[in-house]
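Chemist: The chain contents come next:
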Amino acid sequence: MVIQTQGLSFSFGNQQVVKSLSLQVPAGSIYGFLGPNGAGKTTTIKMLLNLLQSGEGSIHIFGQELQANRISILSQIGSLIEQPAIYHHLTGKENLMNRALLLQVSETRVDEMLKLVQLTNAANKKAGQYSLGMKQRLGIALALLNDPKLLILDEPTNGLDPNGIIEIRELLMRLVGTGKTVFISSHLLAEIEKMATHVGIINNGELLFQGTITDLQNISQPLINIETDNTVDAANLLKRRNFTVTDIDNDHLYVPFTSKQQVGEINTLLVQNNITVFSISKQHKDLEKLFLDITKSN
Amino acid sequence: MKGFLLSFRSEFYKTRKTIGFWGSILLPLLISILAFAMFFIKSEELKSTPPMILWIKFSMISLAMMGTLLLPIYTIFIAYSVNNVEHKADTWKTIFSLPISRWSVYGAKFAYAVFLVFLCLALFALFTIGFGNLLGTLKPELKFNAYHMEVQLMEVYFKLFLSSLGILSIQFLLSLLWADFLKPMGLGFVATIAGVTVASKNWEYSYLFPYAHPMEAITTMIKRDNKVAGTVSELQINMFTKDVYVSFAIAIVVFIAGYFIVRKKSVK
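If you read the protein sequences in the order shown, they are chains G and F. The first sequence begins at 1 in my numbering and counts up by one. The second sequence begins at 1 in my numbering and counts up by one.
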């Protein structure tokens with residue numbers, strides 16, 4: 001295990017924000033740390049980086065106890081916490097050069113990182129003038145500068161446009177291919193599902209679920225969202241043909257997704273029975289529904 | 001030690017384009033140019049002044065400004081400026097998650113603030129000597145070349161440097177703990193006014209109050225020797241007065257206390 005915590009707890013005053021967390025992050029995984037805003041994700045991440053004091057429980061990273069081996073552990077971690085921490089009066093390259101100086105990394109590596117996050121052309125522009133997406137990319141370059149074995153990223157796709165999100169996802173998948181471990185937090189299930197190999201779900205400071213992405217998919221089954229001119233007739237027809245209708249409202253009905261073929265069959269069936277289909281699509285459950293399902297299955 | 005040196009270099013790299021760093025160079029330069037201009041224009045009136053008095057008058061323009069309000073306020077500003085770089089960029093969380101000990105990060109930042117104050121005061125001494133000699137060359141009627149007080153000037157500015165360390169350590173800690181501008185600066189200004197007031201009233205315990213130290217340093221700088229009273233031909237600087245010891249002691253105590261606070265502090 002790259003990260004292993006036991007009974008990790010933290011309180012701000014009387015409010016307990018992290019409750020007895022036991023994380024298990026295997027080597028070479030992309031571990032998606034999923035939870036709504038305010039669930040305790042950032043607090044947990046700050047504890048993993050030894051930024052918060054006086055918490056309870058134990059943290060082992062690379063098999064070593066964190067407090068006692070702080071510097072040797074931190075030298076193998078790259079991190080991005082909340083919004084990227086960037087000196088606005090320095091250029092993008094100077095921000096990287098300053099970090100390179102502290103980590104004793106060469107200028108060649110700085111240029112490589114600029115290229116990797118596609119900021120070479122904006123390298124000499126003041127970081128204060130960067131767009132949110134560019135700042136986020138610079139933050140990722142800073143995190144990757146010392147070629148860390150473990151990358152801890154807190155909501156790294158915040159503020160990125162769809163292209164940016166795809167780029168980051170591909171970059172992380174490439175990194176894991178080279179033997180690194182990525183711990184990434186997000187409040188978007190769909191985002192995590194696309195890249196994670198392992199998932200931990202946290203709500204109100206408690207770990208609700210932890211396992212592989214396959215384990216999660218068994219719980220979080222996607223649905224087919226169908227919009228027709230007559231929802232009630234469509235639902236009755238599907239039920240008669242042994243389809244499970246999990247939910248129905250004025251305009252839509254929902255059937256558990258099993259395969260693409262099944263979507264086609266449903267479409268054909270409805271059309272052949274003179275029901276007009278306005279739309280039919282695969283839809284992921286939102287976090288709220290997923291939490292309900294997890295709580296039920298527990 | 002390596003972490004400390006790397007952090008110190010990084011402090012320079014980060015601040016070399018900020019007003020905090022350039023202020024340390026421009027403040028002595030501008031005030032010295034002002035003093036130079038005043039003497040250059042008024043050279044006719046001053047040409048009968050004896051060389052030693054001429055040097056004293058010339059150097060007192062900067063010294064009087066620094067000794068009263070300017071040095072405490074400049075010190076407060078430097079303490080704010082080196083910490084504000086991190087507050088503004090929200091970078092405490094990154095510098096404390098680097099593989100560098102908290103002690104090195106904190107120690108280097110404090111040392112850098114001390115360095116900036118030292119740089120500013122060293123430049124004051126250098127510019128006063130330089131511009132004084134320049135005046136002697138450009139206006140030979142001003143007899144700057146007939147007397148030398150380089151050593152005394154360096155001693156006075158070194159004394160001012162030591163007397164500012166108490167304020168620096170307190171303000172450094174306040175600016176590190178409080179992200180906003182008003183709290184440390186406001187407290188510092190109020191304390192400075194109080195310091196100048198008690199020092200100018202010659203209150204007997206003013207040597208215990210750090211914000212009174214720069215002014216104390218100026219008022220106690222001349223060594224008063226009864227034997228040669230009346231026949232002052234040599235200026236001797238009284239460097240280690242009790243206010244300087246108190247300033248130094250406060251700096252050490254607050255610096256160490258600050259380290260323990262930083263070590264136990266959570267980075268939000």
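Be aware that a few hints might be false.
To be verified - Under 8 Å between C-beta atoms, here's a sample of chain F residues computed to sit facing chain G:
no., residue
1, L46
2, A89
3, W103
4, K143
Unchecked claim - Covered by chain F, according to a simulated footprint, are these stretches of chain G (three or more residues, beta-carbon under 8 Å):
no., region
5, 86 to 98
6, 164 to 178
Since the hints were derived computationally from the structure, they do not count as laboratory data. A virtual CB, placed ideally from N, CA and C, is assigned to each residue, including glycine.
Chemist: Taking the hints in turn, state whether each one holds.
Modeler: Status of the hints after comparison with the structure:
1. L46: Violated, because the Cβ-Cβ distance from L46 (chain F) to chain G comes to roughly 44 Å (cut-off 8 Å).
2. A89: Cβ of A89 (chain F) sits 5 Å from chain G, so the hint holds.
3. W103: violated, 11 Å
4. K143: Violated - the Cβ of K143 (chain F) stays beyond 8 Å from chain G, reaching only about 47 Å at its closest.
5. 86 to 98: With 8 residues close enough to chain F, the hint holds.
6. 164 to 178: violated (count 0)
The structure fails hints 1, 3, 4 and 6 (numbered hints given earlier, in ascending order).
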